[in-house]
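Asks: Protein chains in written order, with this note's numbering: chain A, 701 to 1147; chain B, 45 to 479.
Bear in mind the hints are in silico, worked out from the structure with no lab data behind them.
Just to be clear, a hint being listed does not mean it is correct.
[What the hints assert, rightly or not] Lysine-lysine pairs mimicking DSSO-like chemistry, simulated, CA-CA at most 30 Å apart:
id: 1; chain 1: A; residue 1: K808; chain 2: B; residue 2: K412
id: 2; chain 1: A; residue 1: K808; chain 2: B; residue 2: K392
id: 3; chain 1: A; residue 1: K873; chain 2: A; residue 2: K829
id: 4; chain 1: B; residue 1: K210; chain 2: B; residue 2: K162
id: 5; chain 1: B; residue 1: K214; chain 2: B; residue 2: K392
id: 6; chain 1: A; residue 1: K886; chain 2: A; residue 2: K829
[Unchecked claim] Each pair of labels, with its calculated beta carbon distance range:
id: 7; chain 1: A; residue 1: S826; chain 2: B; residue 2: N413; range: 44 to 54 Å
id: 8; chain 1: A; residue 1: R834; chain 2: B; residue 2: G254; range: 36 to 46 Å
id: 9; chain 1: A; residue 1: T1061; chain 2: B; residue 2: I434; range: 35 to 45 Å
id: 10; chain 1: A; residue 1: R1005; chain 2: B; residue 2: G414; range: 33 to 43 Å
The C-beta atom is built at its ideal place from N, Cα and C for all residues, glycine as well.
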Amino acid sequence: MDHADLKSGRLAPDDYARNFSDAHPPLNRSQALIEAERCYYCYAAPCQTACPTGIDIPAFIQRVAQDNVRGAAEAILTANPLGGMCARVCPTEVLCEQACVRNTHETKPVEIGMLQRYAVEGFMASPAKPLFERAPATGRRVAVVGAGPAGLAAAHGLARRGHEVTLFDAAPKLGGLNEYGLATYKVAGGFAQREIDWLLSIGGITPKLNCRLGRDITLDGLLAAHDAVFLGLGLAGVNALGIAEPQLPGLRNAVDFIAELRQSAPEIVPVGRKVVVIGGGMTAVDAAVQSRLLGAEQVTMVYRRGPDGLSASTHEQHWAQTNGVTIRCWARPLSVEAAGGVLRGMRFAATRLEGGKLVDTGEQFFLEADMVLRAIGQTYPAEPAGSAIELQGGRIKTDEHYRTSVDRVWAGGDCRFGGRDLTVEAVEHGKRAAESIHARLTEAAHG
Amino acid sequence: MADLSTNFLGIKSPNPFWLASAPPTDKEVNVRRAFEAGWGGVVWKTLGEDPPVVNVNGPRYATLWSQDRRVIGFNNIELISDRPLQVNLDEIRRVKRDFPDRAMIVSLMVPVNEESWKNILARVADTGADGVELNFGCPHGMSERGMGSAVGQVPEYIQQVTEWCKQHTKLPVIVKLTPNITDVRYPARAAKNGGADAVSLINTINSVMGVDLDRMTMSPVTDGLGSHGGYCGPAVKPIALNMVAEIARDTATAGLPISGIGGITTWRDAAEFIAMGCGTVQVCTAAMVYGFKIVQDLCSGLSNFMDEKGYASLADFQGRAVPTVKNWNQLNLNYVEKAVIHQDSCIKCGRCHVVCEDTSHQAIFATKNGQRHFEVNDAECVGCNLCVSICPVPGTITMRALQPGETDARTGRVIDGSYANWTTHPNNPMRSGCV
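The shape of chain A in the complex, shown without the other chains (with noise of 0.2 Å):
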């Protein structure tokens, strides 16, 4: 064969609908009811104090008990605006519901994940009056750069407290991550749009879309024309595998490779027959199980280091190996294998661990493949928001309060140095810095 067996279209029409529609069902009623009647209402309650956010999860898990969505909903978008969210993709069996008392005589803690996700989802289906009330305008002017998850909270923490936000994006649509990053089946039905749309219903947040910075606006152009800015820029950068990349069909970063899932009919996205993703995290999962739902043969992650090491949780790992992926550990690529322009695989060096230090074995195998998919890591490129930003550990340094080396910037979210790169801990990173931005502009006011 001259050419990879890299294309689209290879399930019947009626696959594509049911492999990327919702991976986990929500909860019904009556399943709601019962699972929240589970929940003990902890004092001090160690879920709350697991959630990046505090969501004061016995509270909404009463409300859903009493059949109270609404005040569910609040409870949980009062710490979390991006609650919703969160209920679908954190990784919550290493946050709350590994937290839950419950664990102790039991291996179930209550779906805690799940209730939030009824509750959120269940308000946003009719939400009747606004939740949250807009403050009386303050005049004051902040700028967000990047409507992802922190660009979103902070923009919605700053709005509510009556700044005028203006929420800047690259990208042709709000969202980030959760628009671009997430693999459809956590995200099914559209939902990430219609969190926007109920976050954007406060008000006093105007989206310029198309607009990169370092190439449409420079962050000394926001600083003089606004009051603050935050950034939450997350990382634009993906890791090279430090081999060397021909250009070829075939080899592609697993992130583009999500984003256009999310932006295409999965019938038109092309994937290879067989194929191998690079890496051990939530990334590499997401690539890798939607390459096997799209008709891939044969999947396999291939992870540098041992099982303990895979940043994807349990969860995911099972479920990745539950559609079918095969999860190697211990081989780091060495060559990228290709015949006349044509990718036909790649060559890995078997690895262990010796005195701490991964090294090879000496061992070498090949595995054949049409599409070779990058999610070792992503990089925070420090160029579009300028020098002046102080960086640690190759992102940009904040203090306990969001604050940058630069007076007025704040940062929050994955290219802040410091986090676990979670969507729920974005989430606090952009709520901390509205708070700490508007106790700035507040006492510059009444200064």
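The hints should help you fit chain B onto chain A, whose structure is shown.
Replies: Below, chain B alone, put in the same frame as chain A:
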């Protein structure tokens, strides 16, 4: 294996589980199914004079549920049998003939005049039934017509009607009491004075199950209007058990046979009523929730319990708990318990802490060395049992009695093992010996 058979007023049944007079015992088809399933006896749904009463054709039942839809409480507005008297009597005769080993009691309710009672008693005796139960308890509908609980609320009426019945039938007479009174001892004494062979209690409790907040009507309603119903089910068991205990320990009625009724759902409930003095127990709601087969589970549980405890027959433990029911003024005020939280099974939900902090005696610590850890502070604990009651993990919080020689950290008093109650307490201005 334990012997579950009972002999109540000379009426024998293979087990103490009788179906109470209620919808499950309304018709031959129901009662046959009940006996086939293993019920020891039935109290046939209350018979009245012809023409029969008429029931509503809207909701007759309503329910109080737990969140997971377990039935906690149940209420009904169904009246006595709405079928012709002779139809019922014929069916009773047939069923009794086919199940001679089962108890067949017939519940009765007719107006308060001697002739009415005399007539119906004669017709019941003719069926071969084993006994009658006088329904002085039904709290809805019939009471408006001067029957049911309208009789049961006036001790003089109870005594009068009981006397008539004893005069006009040889069958054992059981008087069924209403809980819708202030002191159940008075109607029980009246029944005994009238010659009743036994009392059965409790009948259902006046209740309104709820309000429909959309329609702003009480709930349930028949064409927009509702009426209070009789409340029963697991929620009423403690009320029933108290009333049984009051009669069992009242010197005026002590020894009067009792058929216990009120929320009996499990073998354990039944055993408790028997330990409180009952000779048989009557069940309705549990059957209406689960069907008749539940009697097999009740028998199994009761039998295994008795085997485990070494009780060969029900008489071996019947009434054993009665002497422990006293007036408050007999309780030992020198006795001290403290709650103990068992750390090996504590799941650290912290509910004990917050409820003690908010609503009781601030006697449970929430941290230890900066860690989440729940432990009783003996210096504040009054032994109230709230933490035990609300702890979600069985056996994780228990009460421990301080032993003689130990010091109560709250009061500084050394426990000496002596008994002293309120009647002699120095704080009691009415104490005996008080000048």
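Asks: Please go over all the hints and tell whether each is borne out by the structure.
Replies: We went through each hint and held it up to the structure:
1. A:K808 - B:K412: 27 Å, holds
2. A:K808 - B:K392: Cα-Cα ~16 Å, so holds.
3. A:K873 - A:K829: 26 Å, holds
4. B:K210 - B:K162: The hint holds at about 10 Å.
5. B:K214 - B:K392: Given pair B:K214, B:K392 is violated - Cα atoms ~63 Å apart, limit 30 Å.
6. A:K886 - A:K829: 28 Å, holds
7. A:S826 - B:N413: 44 to 54 Å: Because 49 Å falls inside the window, the suggested range holds.
8. A:R834 - B:G254: 36 to 46 Å: With Cβ atoms ~39 Å apart, the hint holds.
9. A:T1061 - B:I434: 35 to 45 Å: 58 Å, violated
10. A:R1005 - B:G414: 33 to 43 Å: Cβ of A:R1005 to Cβ of B:G414: about 35 Å, so the range 33 to 43 Å holds.
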